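Peer 1: These protein sequence lines are chains A and B, in that order. My numbering applies: residue 1082 is where the first sequence begins, and numbers increase by one. My numbering applies: residue 8 is where the second sequence begins, and numbers increase by one.
Don't read these hints as lab results, they were simulated from the structure. Each hint should be verified, as a subset may be incorrect.
As the list claims (entries may be wrong) - Residues from chain B shown here face chain A by an in silico Cβ test under 8 Å; the list is partial:
hint, residue
1, Val33
2, Asn35
3, Leu62
4, Thr68
5, Phe70
6, Val81
To be verified - Quick list of simulated restraints, FRET-style, between CB atoms:
hint, chain 1, residue 1, chain 2, residue 2, range
7, B, Val86, A, Trp1666, 54 to 60 Å
8, A, Gly1214, B, Ala17, 19 to 25 Å
9, B, Thr27, A, Trp1666, 32 to 38 Å
Claimed, not checked - Examples of chain A residues toward chain B, derived with CB under 8 Å:
hint, residue
10, Leu1387
11, Asp1399
12, Met1513
13, Glu1514
14, Glu1662
The structure displayed is predicted, hence computed values, not measured ones. Glycine included, each C-beta is placed from N, C-alpha and C at the ideal position.
Listed below, chain by chain, are the residues.
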Amino acid sequence: MAEIDLRIALVGNPNCGKTALFNLLTGGRQKVANYAGVTVERKEGRFTTPAGRLVRVLDLPGAYSFDAASPDEQITRKVLAGEHPGEKLPDLIVFVADATNLRLHLRLLLEVRRLGRPMVVALNMMDAARARGIDIDVARLQARLGVPVLETIAIQRGGAQALVNSLEGKLPAAPAVATAAATASPEAADLHAEVRAIIGATVRIPDNVAAADDRIDRWALHPVIGPAILATVMFLVFQAVYALGLPLTDLIVGAVEYLGGVVGDSMADGPLKGLIVDGIFAGLGTVLGFLPQILVLFLFILILELSGYLPRAAFLLDRVMVAVGLTGRAFIPLLSSFACAIPSIIGTRSIPDRRDRLVTILVAPLMTCSARLPVYAVLIGAFIPTQQVLGIFNLQGIVLFALYVAGIAGAAAVAYTIKRMQRDRREHPLLMELPSYRIPKLRDLAYGLWQRGWIFLRRLTGVILALTVLMWFISAFPGPPPGATGADIEYSIAGHIGRFLAPIFAPLGFNWQISLSLIPAFAARETAVAALATVYSVADEGDALGTALATNFSLATALALMVWFVFAPQCMSTLAVMRRETGSWRVVAASFVYMFVLAYVAAFVTYRVALLWM
Amino acid sequence: MLLTDLPKGASAIVDRVEQTPKTDMVANRLRDLGFVEGEPVRVVARGRTGAGPILVVIGSTRFALRRAESDRIVVRDAVNHG
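With the rest of the complex left out, here is chain A (with noise of 0.2 Å):
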C-alpha cells in the first residue's frame, strides 16, 4: 500500500453537508467501523490529488461545541487535540462549514481555530446561500479568521476542485491564537460576541432567508395536516416494501434454492450433503432472502433523512412518544424495526440520550419484523376463514393487523413501565436541530444503502450461517434408530429438547412439535415453519403444511401461537446486536427475560380466553 502523504481531518456541525463532501472527495473508498470502545462512527477514506499526493480523510463526527455533550463530540475534539489514543493527529483540519448556516457553525469554527493547528475553512452549499440571496465576503472572511477560506458545492462534481488544490502545496501555517482567548476562560458569549462582529462585518443575509423551508413546514409540521402526511407517506413506504421487496425476495429464495439443488444434485447422500443444502444454502436464502425488502426501506429512510423529512416527522410524533416514555428522534429507528430489529438497533444510534436510546433498543424487537410474517402467513391462512366482514374488510388481513398492533401496543405499555420503574428523573432533552430541505443526490443514496446493506450482510451472515448449521446439525443427529416410524427430527438432539421443553409450553397449549419448532426460530423466525413441516412431514409450502397443522392442532393454540410470536423473544442475531451495541450482557439478558415473561403470558392468556369461548 502506498504511503499516505497527507491526512485530514473533515470537522464541522451537524447538517453542515460534511459526508456529502466525504463522498465526492474519496468516491467509494470509505472504511466505516467504530471508535474503540464507544459506537460512534468512524468513517476514513482516502483520494489521490491529481498530483500525486495520497491523502486520508477522517470524517469526524458532527459537533455543535466542544463542552462535550455528546459522545461524538468528545470524540472530534480528542482527535484534534491528538488525545484520542490510537488515532493520529491529522495534518490538517478542513473545517466544513454551511454557507446557509454560518452564524450557527462560525462558533464550532472558533472553538476549532483555538485549538491553534493548520486548518482550511470548506465553506459548503454556496451555490444555495447565494440562491437564498446569502452574500458572503470570502476574502474579508478569510482576513478576519486569518485561515484559508475556500468555497466548495459537495453536490456537484468537481464543486470540491479548490480544496482539492490547496491540498497540493504546503500546508497553511497554524493560525495564530490570540494569547486573550487563550488565557481567558472560553466563555460562550465571548464566542457568540466574535460570531455577531465576523458576520456582521463579513455576511449580509436577507431578511428570510428560508422562505421556502418555511412554506413546506408550514404544511409538514401543521397539527393536522402534518400527522396526515406523514401518514401517508409511511403508508407509501410500506406498501413500496412489500410491492418492490417482496416479488425481489421470492426471485432470490429460489435462486439460492436452484443452486442448493444443482449442488445437491452432483453429490452423494451423506452428512456433508446434508450440511452443504439444508445447513448453509438454506442459511444463504434466509439471509438474502431479507436484504430486498430491508434495502428498499432503507432506501426510503435513506431518501426521507437526506431530504429532511425525519426529523419533522420526529418532530411531530414526539409528544405521543414522550407520553409512553420514548423520544420523537426513536420514531427513525423503530420504523426500520419493521424490516428487521438489527439494522434498528444499530440506527438508535441517531439518539443522543443514553436512557432514551436503551429503551428504543429494548422495545424495538417488539414492532414486527419481516421475519416473523412467513409464520403469520402459514397460521393465518390454516386457521382463520377468508370472510368479509362489515363487507369491505378481509378477517385475515383484520387478525394480521391485529398482530402489529399487539406489537406496536406492546412496545408502548413496556416503554412507559420502564419510565415508571425508572428512579433518573434526569432530563432528557430534545434540542434537535431541523436542517433545510434538500432534494437527495443519487451518490449520496447510493453510498447510504451499500453502507448500511453491507454492515447488516457482514453482521448477519457470520451469524444466521452459523445458527442454521447449528440447527440442522441437532435436528439431524443422531439419525433415525432402525425401523423408526416417525419423522427423522423426532430422534434427533432437537427432537429431545422439544420433548424436554413441551411440559414448559404445554400451559400455551403448544405440543411438543411446537415446543421443537420454537427453537430453531430463535435462530431466524422464519425457520419454525420449516421445522414445523419437517416434524409433520410435508412439504413447508402451499396447503399441505396448513392442512397438517389444521389437523394437528386447535384454533385456540394457533392463536396462542401467533401471540407468541408478537412478544417472544428476539432472534440471537438481533440479541448479538444488542450485545454489541450497548456493550452490556444485563441489557441483553434483561431484554430475553422480559420478552419471554411477557410472551408467555400474552399466549397463556390467549390460549385460556379461546378455549372458554369454544
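On the provided structure of chain A, position chain B as indicated by the hints.
Peer 2: Frame of chain A; chain B shown alone:
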C-alpha cells in the same frame, strides 16, 4: 416573557437563558446553539394543544424545543406578525 409563550409566527429577541440551580447541561447547550442575549428568534410551528415541541428559528437554523427547554429562554420585544 418566555419563548414558550410566543405565539406561532411571532418573533422576539432573546433576553437570557435561565439556569437551574445545579450545572444545567440543557441551558449550556441552548447557549451553544446560539440562544444568547440579543439574538432574534421566531416561532414557526407549534403543536395543537401547545403541549408538543415548538419549532424555533434562530439565525437561519431551526430547532425543535420541548416546553421544558423553551421555558428556560426569556425573550423580550415580541412582535406578532399575525
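Peer 1: Taking the least C-beta to C-beta distance, is Thr68(B) closer than 8 Å to chain A?
Peer 2: With Cβ-Cβ at 5 Å, under 8 Å, it holds.
Peer 1: Hint check: is the beta carbon of Asp1399(A) less than 8 Å from a beta carbon of chain B?
Peer 2: Nearest chain B Cβ about 5 Å off; hint holds.
Peer 1: So, as I understand it, the hint says Val81(B) touches chain A; can you test that by seeing if any CB pair is closer than 8 Å?
Peer 2: 16 Å, violated
Peer 1: Grab the minimum C-beta distance from Leu1387(A) to chain B and call the hint holds if it beats 8 Å, violated otherwise.
Peer 2: Where the cut-off is 8 Å and the nearest Cβ of chain B is about 17 Å from Leu1387(A), the hint is violated.
Peer 1: Does the CB of Phe70(B) sit less than 8 Å away from some CB of chain A?
Peer 2: Status holds, d = 6 Å.
Peer 1: Please test the hint of 19 to 25 Å on the beta carbon pair from Gly1214(A) and Ala17(B).
Peer 2: 24 Å, holds
Peer 1: Quick check on the hint: Val33(B) CB to chain A CB, less than 8 Å?
Peer 2: 5 Å, holds
Peer 1: Does Glu1514(A) pass the interface hint, meaning its C-beta sits closer than 8 Å to a C-beta of chain B?
Peer 2: 6 Å, holds
Peer 1: Holds or violated: the 54 to 60 Å window for the beta-carbon distance between Val86(B) and Trp1666(A)?
Peer 2: Hint holds: Cβ distance 56 Å, inside 54 to 60 Å.
Peer 1: Does the interface hint hold: is Glu1662(A) within less than 8 Å of chain B, judged Cβ to Cβ?
Peer 2: 23 Å, violated
Peer 1: Taking the closest Cβ pair, is Met1513(A) under 8 Å from chain B?
Peer 2: With a minimum Cβ separation of about 4 Å from chain B (threshold 8 Å), the hint on Met1513(A) holds.
Peer 1: Under 8 Å is the threshold here; is the Cβ of Leu62(B) close enough to any Cβ of chain A for the hint to stand?
Peer 2: Hint holds; Leu62(B) Cβ to chain A Cβ min 6 Å, cut 8 Å.
The structure fails to meet hints 6, 10, 14 from the earlier list, while all remaining hints are met.
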